[in-house]
Amino acid sequence: MTLLRLAERGLYCEAGDFYIDPWQPVERAVITHAHGDHARWGSERYLSSREAAGVLRTRLGSGATIRAVDYGEAIDVNGVRVSLHPAGHILGSAQVRVEHRGEVWVASGDYKTQPDPTCTPFELVRCHTFITESTFGLPIYRWPPDSEVFDAIRAWWRSNRDHGRASLLFGYALGKAQRLLAGLADADVGPVYTHGAVERLNRDYRHAGVRLADTQYASGMPRGHDFAGSLIVAPPSAAGSLWVRRFGAISTGFASGWMRVRGARRRRAVDRGFVLSDHVDWPSLLATVEATGAERVWVTHGTREPLVRWLSERGIEARVVASQWKGEEDTDPVEVPGEEITA
Amino acid sequence: MRRFALLFAAIDETTRTNEKVDAMAEYFRSADPADAAWAVWFLSGGRPKRLIPVRRLAGWAMEEADVPEWLFSECYDAVGDLAEAMSLLLPDRETTTDLALHQWITERLLPLGTKGEEDQRASVVQCWRELGGTERFIWNKLITGGFRVGVSQQLVVRALAKATGVAEGVIAHRLSGTWVPRAESFTSLSASETSDADVSRPYPFFLAYPLEEEIEALGSPAEWQAEWKWDGIRAQVIRRDGRTFIWSRGEELVTERFPEIAGAADFLPDGTVLDGEIMPWKDGAPLPFAQLQRRIGRKSLGGSILSDVPVVLVAYDLLELEGCDIRNEPLARRRAMLNEVITASRSTAFLPSPIVPLASWADAQAAYAGARERSAEGLMLKRSDSAYGVGRRKGGWWKWKVQPFTVDAVMIYAQAGHGRRASLHTDYTFAVWDDGVLVPFAKAYSGLTDDEIRDLDRWIRANTVEKFGPVRHVKPVHVFELGFEGIQASARHKSGVAVRFPRILRWRTDKRAEDADTLATLRAFL
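Chains as they are written, first to last, in our numbering: chain V, 1 to 343; chain S, 1 to 526.
Isolated chain S, as found in the complex (with noise of 0.2 Å):
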């Protein structure tokens, strides 16, 4: 656990890619593999289930720390987080113990999962009572389930491709799909022998970085091949040894929801990866995101649903073909062999993603301006000769998303941020005037710099009228010019909208709260 604590601290304490990695490369390099393997799970976005309810977690920190409950409450307001508000609060470790970090896993974390209350309660004391500092502060984040560390999948990669000599692609493809955190598959990962058999295994997903340049400056338009950029969940359709399986990005295994792509799917040839988007699709055109996220939602899908709200893969790409991995051959090729497979398995379910035609740039400049009318988000634009990479790397594939809707609204409350903007009030809620009255239809929270969200928060604790716990009420003065990328009529919001990923643009500091934009203009988006 020390060796653990120190490589968090090592992270922690740096903003240097290059570090970081080199640190998380050494750790590797030298740690016990079946530490190691829960170190590659934690970094990676694992989490063990929560297994004591938060409250009842503070509720002992609060005893034993002899902190009454409103105390506390100050405290953690003031900290921001609450493992680490319990782990400053309880008094300094009596004792030391030299526990792996397996073992703090296997031997004193999952086994509370079976405890009684009382029992529960007792090993959690006797852990604080041998865990200081940083030790303690990650034990805490363990318990209530929150543990993140500030590094990508990707960085992990690097650095056990470094420890391990193995290269990235193999070992990103190692560690997707369900890894289990176990010594064997900490050393299978750094195994020379690179025909895994694990026949569920997704491929890493390819992204594209936002185009930022003019468009012309992509060279000639004959080597590249645009397509719609689709609002859907990006996924991988898998058929190998006579079984499907349909991953999405989050690498959730997601078979069971899409019954239609699922069923389209048992016809494909074994050994077959399509990657694509996964669209609620009707008549011929695709259905609002709202709706798939009804789907999304529900546990068992009923004929009405199923019926109501259809999906297909809009398929983007050809990733594995009668078993061979066809990453690295050219995207027109990959197309090419992709429009055969979906042809053959004469499924409606697969829908080769429509390309765009592009004889010129100004093709691709209209195109992108009658993206909305599609529903789509903008363009895709990939290199025609482009492999289908790992993670997000510029240069063979670009998106180019519409520009959002945009409104100018009122700030009307504001709430103090968690973890590192502990404290600062970053939180807002915003407002449009409907009637001579302010309506909140958007929460924000990022899209200001550093600067602004300082300025702004002394603004507001010297300007709040009310306060309602954490939620300030503040003076309707400062104006936000927010984008957003969706609209949708909502009878659970009291504006009647519910606008998707709204982000603060700017804030307009030229505009007086009276300018600011109407529900009716909310309401002429839709």
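Same shape as in the complex, but just chain V (with noise of 0.2 Å):
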């Protein structure tokens, strides 16, 4: 019996009789961070990084039994060592690490090792058994510098502007959105209107201490009002909707790994894509992986049987693991964006 394994509702610690973000409801869930596929509803008590614990709530509801820790605090569950280690993937993202009688799994959860200033830095956890997230498991994806993509955004709002249009940069909700106005706070870029799905999350991010550009819930708006020469910041699954129409003449932009592909752009029939992603891109999935020293790696949601493959052939013993956990899908958001809140 393996220290964790694949159960029926999620991945199970019977040592310690704990799951790590079940898809079902379950007694203990040890939870990585707050999306959608990750976080559910349902279980009777939620551990999680203390990061995290605004955002869970926001998603999770005020009834919900949470206990938070601190990064690298270890604490003891039916004799197993288990702390929470920076992911970098989202505001409160973690790492679990898993400890029983010398042996250490780490299951990473989603992550990404670039800088991001809306959560703390991803920390290398060495381990013997390390559950991989695979979501850009292929060599075509290699991020560009933050930089770069950000004067991407910034030309593009400007010549948007000039032409009296407003754009219109969609994002996932939580985590992407954050992302991208902490990226513009400084950018003289605006003024900047949301979608209510971003807003609320936005109150958690600046709660917790991250810095964002200023913004305004475009739906309080008055009616009428003109968006000509604004930036907008709205969940994908706004695309073509109603709510869009307020805008007037608008260019559609968006920010996702999947958008280093053409034809992923084209099929979301967006003006602009910007590539930036909270996922490890392939050079740094697999120089994650090794730097963590891992004999045994298994590879969950993502493009799983491609890097199995790959890290097979190279001396590491990997195997797909049929998690529920989704990632960041091409074709359909993580999260359903929340009613409006009333602003």
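Just so you know, these hints were derived from the structure itself, not from any lab. Be aware that a few hints might be false.
Within a straight-line C-alpha distance of at most 27 Å, the following computed DSSO-like cross-link-like pairs (lysine-lysine) qualify [claimed, not checked]: (1) Lys326(V) to Lys475(S); (2) Lys467(S) to Lys326(V); (3) Lys401(S) to Lys229(S); (4) Lys475(S) to Lys511(S); (5) Lys443(S) to Lys511(S).
A quick note: this is a predicted structure, and the numbers were derived from the prediction, not measured.
Quick one: dock chain against chain with the hints and give me the complex.
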């Protein structure tokens, strides 16, 4: 029996009797981050990083029982030593380190190693078995530097402003939207408006001390408000909805790792794609796997088979783990934007 | 190259026609004529010949990117485009070069054709090291011979007209035929002198729009001329300066392939241009299109094919008479002159397109209903006072096509598409029942909405029975109504029939696989 194993309700630690990011309600759930496919409703008790507690509460509702621990703070769960370490994915995202009788496992959840001003940087944790995502597990995925991407976003906004258009920028409501707003905080871009699903999470980020560009809630503006020249940040699911009509002439952009591929951008039918991802790209993924020193690698959601084959050919014991996590999907947004808040 | 890449990106990143035209016009105004000439050529669909086999090129890319073949294939599948997959896999550029577009073509691309394999490789790898992003993507598209831009010829013409101030019709005419991408060619596009000397040059074809409204909405039938809509090869026959040229609508010179028509054209007076349909025609009636296809495929035309499948030009229009462009004369007048020209030619290779009498719209309805029996695709309706325009314009000419044949068929195989549809399953194979077995008979790609494609893709992934390479064999569950234009007996197809232009009309979610049609239904159309 391995220390962690895939059970019906999720990734399970029998020795400690707890689950990591279970997809069905359980007694004890350790949560890597607050995205909907990792943090599901209905479990009795949740354990998360202190940094994640705010967004997790917004996501799970005020009734959830959440215990927050600091990064690196080890706790004992039925004799198993559990600690959370920064994953660099979104605010509060964590890798779960599980140690029992000298054996160390790390479940990384979703992670990236690039710097991101909205969350604590990824921390490398040495382990025997590393459980990694593979959302962008192909060598075609290599991320450009953030500065290049934000320069492109600014230039796009400026050109739209000069043509009297609003710039409608899509990014996932939790994480990507705030990373965009943080990156544009000193960029002299704006005014900046947001969709309700984004604005609600902005509060949690600001509360956690993350500096974002000043934003206004778009639906709170009076009827007939002129949005020309502004930047609007919204979840991808808002594309093509009635909500978009109020902005008049617009140019649309989408910030996602998928935008590295031209066909993905064209399928989305957006004018511009900006390559900005909260997941590791191929070179960072391989470098991370190597640096953990893991002799065994489990590969979850994403492009699993090629990564497993690549690692196996290099002498690492690797296998596919059929989790129900989705990472960032090309076809559907991970989260459904919530009801719009009343301003 | 950088400017051309910016132009490509600007066109690629908008769906607004005006923005595409503005971006092109701006480029044409400011670019070096040598670059602009190549840009016009590429934007108009010109493609350099493929100088390096794709497999060889992919092999170099794998080695440069240090990626094994299996992983390269995974990447290609995910991207759906070989040129792009290579661009994304190769290491980032090492240096930058500021070579102009025409230099990339004439100094780097075209010389590849005369080099040995090792030199080719060194040269291509060097180019990869000098190019990044969109520029590298375009370069790869150029060497694989697959460069395409999302603009129509009409938009290129409009942009050139905007940039040069020369009328669209004149630009279109100057661009048609064999236009050579050289600085002088570009400069002469904008010349104010309009009597172009090139004797071979055809006029841009005028195309009809599909009739969408009720026919009565066209007004009085007295103002219209009706003809059969033939399914052949649209062509212009040109006689100028003692020489004959036959151009197909694809702007291909096909004079040699139709000696009957070319021979007859030699007796037309100089300065004559006919527009019509090349049709296989025997004993006073058309032959099926497939017969014409037999001829088209051949390099040399032996005696038997000429007697088995003779062709005529069913003439629709007269565009030039005694060296004068008469496209702006009213149709009725052009038609009268056309009849005179053909009568005077005394040739059986020219046949004025029969006019369908039109005393009332009921006549048109009756003719339309009987079109298929005449092997016609429907009716053409042209205003008697209409000019011969450029491209596809609404108003003067309408095509009224008969409804296609339809059949309900079961999807049995699916394959991912390319480009915009990469990684979505959009290429489907359909089957009908024959003695309790599903027999495949048609592939179709188009006809579903984006939402339907997405739903179906999800279903396909979850219901794959077996995979053969990129092809998925799926559970026979979904029924689709397919439409097609024609049907032929075929020994080469398992089903024994070959259908022409199959497409999906709708997803019959109301039908079960058992309710789909049978091969007997298809055979009954033969």
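Hints and how they fare:
Distance hint between Lys326(V) and Lys475(S) is fulfilled; the C-alpha atoms sit about 25 Å from each other, no more than 27 Å. Distance check on the hinted pair: Lys467(S) and Lys326(V) sit about 23 Å apart at the alpha-carbon level, within 27 Å; holds. Only pairs whose Cα atoms come within 27 Å are accepted, and Lys401(S) paired with Lys229(S) is accepted, the gap being roughly 8 Å. Using a Cα cut-off of 27 Å, the hinted pair Lys475(S) and Lys511(S) holds, with the two alpha carbons roughly 15 Å apart.
Proximity of Lys443(S) to Lys511(S) is assessed by CA-CA distance (about 20 Å); at most 27 Å being required, the pair is judged to hold.
Figure legend: structure checked against the earlier numbered hints; every hint is met.
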